[in-house]
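Please work from the sequences and hints to get the whole structure.
Given next are the chains, with one letter for each unit.
Protein chains: 2
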Amino acid sequence: MNGLVEISKHIRLVRTMFNPEKRKRIPLSEPLLYGNEKEWVLRCLESNWVSSSGPFVEQFEDEIAQSVNAPHKKSVVTASGTAALHLALLTAGVKPGELVLVPTLTFIATVNAINYVGAEPLFFGSDSRLCMDLNSLEEFLQNECRKEGAHFVHKSSSRRISAVMPVHVLGFTVDVFRLRSLFTDSSVAILEDAAESMGSLVKSPITNDWVTSGTIGDLGCYSFNGNKIITSGGGGSIVGNNQEWLKRCKYLANQAKDDALFFEHHSVGYNYRMTSLEAALGIAQLKNLSTSIERRTRIHLQYRNHLKNADNVEVIEGLSTEQPNYWLTAVRIKNWNLDQLRSGIFKLQELGIEARPVWTLNHTQAPYRKCATFKPQSSEADYPKILCIPSSSNLTEEEVGFVADNVVRIAAH
Amino acid sequence: MNGLVEISKHIRLVRTMFNPEKRKRIPLSEPLLYGNEKEWVLRCLESNWVSSSGPFVEQFEDEIAQSVNAPHKKSVVTASGTAALHLALLTAGVKPGELVLVPTLTFIATVNAINYVGAEPLFFGSDSRLCMDLNSLEEFLQNECRKEGAHFVHKSSSRRISAVMPVHVLGFTVDVFRLRSLFTDSSVAILEDAAESMGSLVKSPITNDWVTSGTIGDLGCYSFNGNKIITSGGGGSIVGNNQEWLKRCKYLANQAKDDALFFEHHSVGYNYRMTSLEAALGIAQLKNLSTSIERRTRIHLQYRNHLKNADNVEVIEGLSTEQPNYWLTAVRIKNWNLDQLRSGIFKLQELGIEARPVWTLNHTQAPYRKCATFKPQSSEADYPKILCIPSSSNLTEEEVGFVADNVVRIAAH
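Going line by line, the protein sequences match chains B and G.
At position 102 of the first sequence the residue is numbered 102 (my numbering), and the sequence of numbers has no breaks.
At position 358 of the second sequence the residue is numbered 358 (my numbering), and the sequence of numbers has no breaks.
Since the hints were made in silico from the structure, they are not lab data.
Just so you know, not all the hints are guaranteed correct.
Copies of the same chain are indistinguishable here, so a pair counts whether it falls within one copy or spans any two.
Lysine-lysine pairs mimicking DSBU-like chemistry, simulated, CA-CA at most 30 Å apart [claimed, not checked]:
no., residue 1, residue 2
1, 347, 334
2, 250, 308
3, 257, 203
4, 370, 250
5, 95, 257
6, 95, 375
Right, here's the structure in full:
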């Protein structure tokens, strides 16, 4: 880097640091509206179909299914990604006291959904891309479980394992093809938490085709929360290979109405419907999903370029068998500990940079501290080093540079 | 009624019956948009605050609190009325295995919320306005319960009664003042299900003031679903006298974030947030709440007038101590049984009239058949006679007349 560039950067940094009023806040991940949202939302209002009935919900379901090339061309939209996960666990028949295998490194919603059905999470560590470590999962199944017919039973607790929830963290993708092979001919449901990975692709080892994350397991759940790559305000959706389960998700999301006129209900249902207004916004946003992925990919590449010579800072990258949607770019600061992470984050926040750690590991959260784990040490070791950095679809290269420079500066202390 | 009017009515009926293409469907209760919704929703889109953060949610919460004159000037908005009920039960500390007293005549959402927290409903019958029968509740507490300190314990099951959920059915109001006096100095939480009674008033026997339903118990829950008197697409809100509980509702509705930056969670939370888009719609609709109540009151009075001479058909009316919002008008057809109810409804549906029974009684629904009851016979006897009739805020007097005439005609067979 030549001296002049270095000096001009330094001036910019200093100027920003000492002129707080000139600082623009750079959010982690905010919604980007492309302009067509107005038209769709107005169309919805004009139709009077503002609630959960009507054509917008169905259209959004159809277009999601098309967009991710969903099995059976079907998706079910829900009030939130959390609702989608809860419905997936319910329809998979996960029972109180059974075990659900899940990474400890994920937003707590994944784990709360397990709690809602009365089951117990069993936590795993993560690999280089922050996703559930399938090597230790394989080891766990071989050494810590016994097979009873189609069922996996955890030897030490004698509990049945009823589901596994791979989480596609930050848009990276768990190798669900490999995961599936670990559970061949078993009763264990594979429920993908694809909240962060709408549009991420995984290479099928069978066909060599690129397949969309969320569509490989029995069910897969997306989120359209405001911080996600596209948004419907709030909301989620479910896709998957098990068509009967998808039907049941739809049924349970609408208070399990067996007879809508006479209000007969054979099951305990939920109000997990998406509204038409949200669906209309979602339809508009979905039309720009590929643009948003392109933009976030470009931002990721810009960060990679800006940080390529930083000794201490490593951009977290995917594997050759995946095309992440790059929802969030994260870096690993190799020598950081928890104190450095905390102080680094506060320093960046002071500069208007909304950087964040990944989530406090779930096996250390109060409600789940007593739950079983298997080799969570990989996540424990990685957690203090990981910093999620601003990745909104409308981030400018200048902002990327500003964030990258400050991350390097703060990582050096 | 004079002969000419009679003949002209008859001609109109016959014409409609034999010209199906001329029939306009008359829905039970559809949203009425007043025009200001566009402005608010566009304002929301333009602000980029489309998700669950931002000023629209707070403004809606403030304006709801103001509109119902809520204790502490506070309300918490939620993703649905069901979510509001669930949060109310959670924050009231209702535990698995405990009993919650509830009318059998209500939409199943009330009862499902009890199921979500693992508690057991105990079902009561209803009075002349379809609301929980407080006389039998009083009898139940005297004869079937014992007091252990502040706790009511159900003698035959030895279970503790932890909450009572009066439901303000169709906009009529349970006398929560009387209810409260039955539970003086007890640990039983009073959680009003005011989903259908936004804006209904009850006369306080203490001050003689008119008080809004939902604000008298410990917590009260409204719904803004599409079929309600005003709508935010979907959504609900919670108000009430227990300020600590309201804070906890807000906390639990947002995944129980104790530290939003470091994602620390000391409790199991939920994603029960309302989106800004819904809040913006709700703000616009709330401005017309009193107009909607006036319109539905006028419709109710028109029905009353049209049906005043019908021998067999009685419009269900409130007491002198309440001002219902008249969300839905319902009639009681005195000699009807279940078969007549079913065939009557189908005949009305064929004419494009969306008439409906009240809800299949919850103590007869598959998930709750084994739950305890106390004198549900009043609801059992009433259920086959009750017909909910179209009550949308934009119903014309001609439509009211058409519905009323056909109800009379069909009730006579």
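Do the hints match the structure? See the list:
{"no.": "1", "hint": "347 x 334", "verdict": "within (18 Å within a copy, 74 Å between copies)"}
{"no.": "2", "hint": "250 x 308", "verdict": "neither (47 Å within a copy, 43 Å between copies)"}
{"no.": "3", "hint": "257 x 203", "verdict": "neither (40 Å within a copy, 36 Å between copies)"}
{"no.": "4", "hint": "370 x 250", "verdict": "between (34 Å within a copy, 26 Å between copies)"}
{"no.": "5", "hint": "95 x 257", "verdict": "both (22 Å within a copy, 27 Å between copies)"}
{"no.": "6", "hint": "95 x 375", "verdict": "within (25 Å within a copy, 34 Å between copies)"}
Of the numbered hints listed earlier, those contradicted by the structure are 2, 3.
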